[in-house]
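Q: So the chains spell out like this:
Number of protein chains: 2
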Amino acid sequence: MANEILGTDVVVQIGIIVKDIEKTAKEFAEFFGVDVPQIIETEEYNKTHTEYKGQPTKARAKLAFFKNFKNIEVELIQPDENPSTWREFLDKHGEGIHHIGVFVKNIDQKIENLKKVGIDVVQKGDYTGGRYAYMNSTEKLKFILELLENY
Amino acid sequence: MANEILGTDVVVQIGIIVKDIEKTAKEFAEFFGVDVPQIIETEEYNKTHTEYKGQPTKARAKLAFFKNFKNIEVELIQPDENPSTWREFLDKHGEGIHHIGVFVKNIDQKIENLKKVGIDVVQKGDYTGGRYAYMNSTEKLKFILELLENY
Chain A
277 MANEILGTDV VVQIGIIVKD IEKTAKEFAE FFGVDVPQII ETEEYNKTHT EYKGQPTKAR
337 AKLAFFKNFK NIEVELIQPD ENPSTWREFL DKHGEGIHHI GVFVKNIDQK IENLKKVGID
397 VVQKGDYTGG RYAYMNSTEK LKFILELLEN Y
Chain B
277 MANEILGTDV VVQIGIIVKD IEKTAKEFAE FFGVDVPQII ETEEYNKTHT EYKGQPTKAR
337 AKLAFFKNFK NIEVELIQPD ENPSTWREFL DKHGEGIHHI GVFVKNIDQK IENLKKVGID
397 VVQKGDYTGG RYAYMNSTEK LKFILELLEN Y
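Chains as they are written, first to last, in this note's numbering: chain A, 277 to 427; chain B, 277 to 427.
Treat the hints with care, since some could be wrong.
[To be verified] Straight line, CA to CA, 27 Å or less: simulated DSSO-like cross-link-like pairs of lysine-lysine:
id	chain 1	residue 1	chain 2	residue 2
1	B	Lys299	A	Lys368
2	B	Lys295	A	Lys392
3	B	Lys302	A	Lys391
4	B	Lys381	A	Lys346
5	B	Lys391	B	Lys381
6	A	Lys302	B	Lys392
7	A	Lys392	A	Lys416
8	B	Lys323	B	Lys381
[Stated by the list, open to error] Pair ranges (Cβ atoms, derived):
id	chain 1	residue 1	chain 2	residue 2	range
9	A	Gln385	B	Tyr427	17 to 25 Å
10	B	Val310	A	Lys368	25 to 33 Å
11	B	Val310	A	Ile316	31 to 39 Å
12	B	Lys391	A	Tyr321	44 to 52 Å
13	A	Asn382	B	Gly406	13 to 21 Å
14	A	Glu317	B	Lys323	48 to 56 Å
15	B	Gln385	A	Gly330	37 to 45 Å
16	A	Gly330	B	Lys295	27 to 35 Å
17	B	Glu388	A	Asp356	37 to 45 Å
Think of the hints as simulated: they come from the structure by calculation, not from any bench. In this text, a Cβ means the ideal position worked out from N, Cα and C, and glycines have one as well.
Chain A with its partners taken away, still in its complex shape:
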């Protein structure tokens, strides 16, 4: 059944915070028997408009996407030193699973739905072809929910 708040019942992504993305991407690729994916860096602020806890941040991250699972994508994320949900997670918890991502339509409406149940945006930004919002769902759901909307 489609969730009323999110409008979807499909998990599309598991996001993992790592310290050394080159090393972990290589380990992943070896383990899963696939090529090492391209490691990309998120763009600068003037393109991403990243906000963390309501404030603009210069935070960037290196990313690698593993698409070898049939039903879910794994994203590796190496944060930089600037304030972000990625950096906060690494400092508090160390490496590990940071978020579960879902694709939504009309992300602003979905954010409003979440606010109504007490879950606010912790970080948001733009990427080429879409937008994302990490939600402060940890208290209720014990994980960070990421909303993703591709245009």
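Using the hints, position chain B against chain A.
A: Quick look at chain B alone, frame taken from chain A:
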């Protein structure tokens, strides 16, 4: 592509360690618009034969399974005080995503495959209708991989 080591490329489960399963199961059910699932307790040692780090353990856990996502199951786990991977995770990291689970065939063979790449069993046991093994994959993969085999 089917992974050579695991023989599967489908993630079936995300396991989340929680402190208060009644509370979190209720929050989950409300959020996702589904009924609160039955909360079950794992059986005693004489049925589960649970081993943690190679030693028998009396550890038990309360579990709740959410099957509202189309492509993946979410398992909530509340550990007891006895030594287990669940307890260790809660003590070290607090609540959060503990493991990613895959169904395998011939779990003993898959465990051997994993040992060959330096990943050993951290905890294993029986449940009604099947067996599981949590693998010490954290260093390589940054998450605990759970192998599940139903008979």
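Q: Which constraints among the numbered hints does this structure fail? Numbers only, ascending.
A: Hints 9, 13, 15 contradicted; others consistent.
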